[in-house]
Amino acid sequence: KNQVEQSPQSLIILEGKNCTLQCNYTVSPFSNLRWYKQDTGRGPVSLTIMTFSENTKSNGRYTATLDADTKQSSLHITASQLSDSASYICVVSAYGGATNKLIFGTGTLLAVQP
Amino acid sequence: GAGVSQSPSNKVTEKGKDVELRCDPISGHTALYWYRQRLGQGLEFLIYFQGNSAPDKSGLPSDRFSAERTGESVSTLTIQRTQQEDSAVYLCASSSYLQDNEQFFGPGTRLTVL
Chain V
3 KNQVEQSPQS
13 LIILEGKNCT
23 LQCNYTVSPF
33 SNLRWYKQDT
43 GRGPVSLTIM
53 TFSENTKSNG
63 RYTATLDADT
73 KQSSLHITAS
83 QLSDSASYIC
93 VVSAYGGATN
103 KLIFGTGTLL
113 AVQP
Chain B
3 GAGVSQSPSN
13 KVTEKGKDVE
23 LRCDPISGHT
33 ALYWYRQRLG
43 QGLEFLIYFQ
53 GNSAPDKSGL
63 PSDRFSAERT
73 GESVSTLTIQ
83 RTQQEDSAVY
93 LCASSSYLQD
103 NEQFFGPGTR
113 LTVL
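Protein chains in written order, with the working numbering: chain V, 3 to 116; chain B, 3 to 116.
Worth flagging that the hints you see were computed from the coordinates, not collected in a lab.
Where a beta carbon is used, it is the ideal one built from N, C-alpha and C, also for glycine.
Mixed in with the good hints there might be a few duds.
[To be verified] A few chain B residues facing chain V, derived, Cβ under 7 Å: (1) LEU93; (2) PHE107; (3) GLY108.
[To be verified] A short list of chain V residues far from chain B (calculated; beta carbon distances all over 12 Å): (4) GLY62; (5) SER85; (6) CYS92.
Here chain V stands alone, though its shape is the one from the complex (with noise of 0.2 Å):
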């Protein structure tokens, strides 16, 4: 069964400090994985996207890595900001014929502090 497990549920932080959000998957066959960013009220917006051959990947203070041996993949908050308080969504993509399904996972919630 395809699935997306996202860890911690929940994080809280202080204000400048880094995190680490994790994300395995037991999706096949893979065809990329994305990071999410999902404001309260808001859809969610895209970080990062990642294909097989990719290990890592930035954008701004997000860093997302990927190791499509063990299936599992991270995105790493450098200096954090009040702002950056919001959930995070692993999500990814396997091949169905005409369509790419996406599998979402259950997003970690991260709280930044001041």
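Since the structure of chain V is provided, determine the placement of chain B on it from the hints.
Structure of chain B alone, referenced to chain V:
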């Protein structure tokens, strides 16, 4: 428009009533998706449109749910005889192969069934 828009932003209805949710995708995006997000849970795929046809309806939870798309643009998701368990945020996304099929999400419609 500049982004995906959805209406209404909030809908409160009584159990047993029908509701219609609307999605206006990004102009030119041929693919359109509907998702459901229950409180504290991940996104659940409902249905996918390519143009005006729906090659993947596998996520629709029951025959009370239906969706259509016209003019390769606006889509409506209809829920008949609403139940309390239908309460959730309904998110729409659109994508284009010209943008690596990245899905751009709307702000969602929060449906509350009393």
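Checked hints:
A cut of 7 Å between beta carbons decides the hint on B/LEU93: the least distance to chain V is about 5 Å, and the hint holds. Hint status for B/PHE107 relative to chain V: holds, with the closest Cβ pair at about 3 Å, below 7 Å. A distance limit of 7 Å between C-beta atoms decides the matter here; for B/GLY108 the minimum to chain V is near 5 Å, and the interface restraint holds. For V/GLY62, the shortest C-beta to C-beta distance to chain B comes to about 17 Å, beyond the 12 Å cut-off, and the non-interface label holds.
V/SER85, annotated as away from the interface, keeps every beta carbon of chain B farther than 12 Å; the closest lies near 17 Å. Remark: the non-interface label on V/CYS92 conflicts with the geometry, its nearest Cβ contact in chain B lying 10 Å away (cut-off 12 Å).
The structure is inconsistent with hint 6 alone, although it conforms to all the rest.
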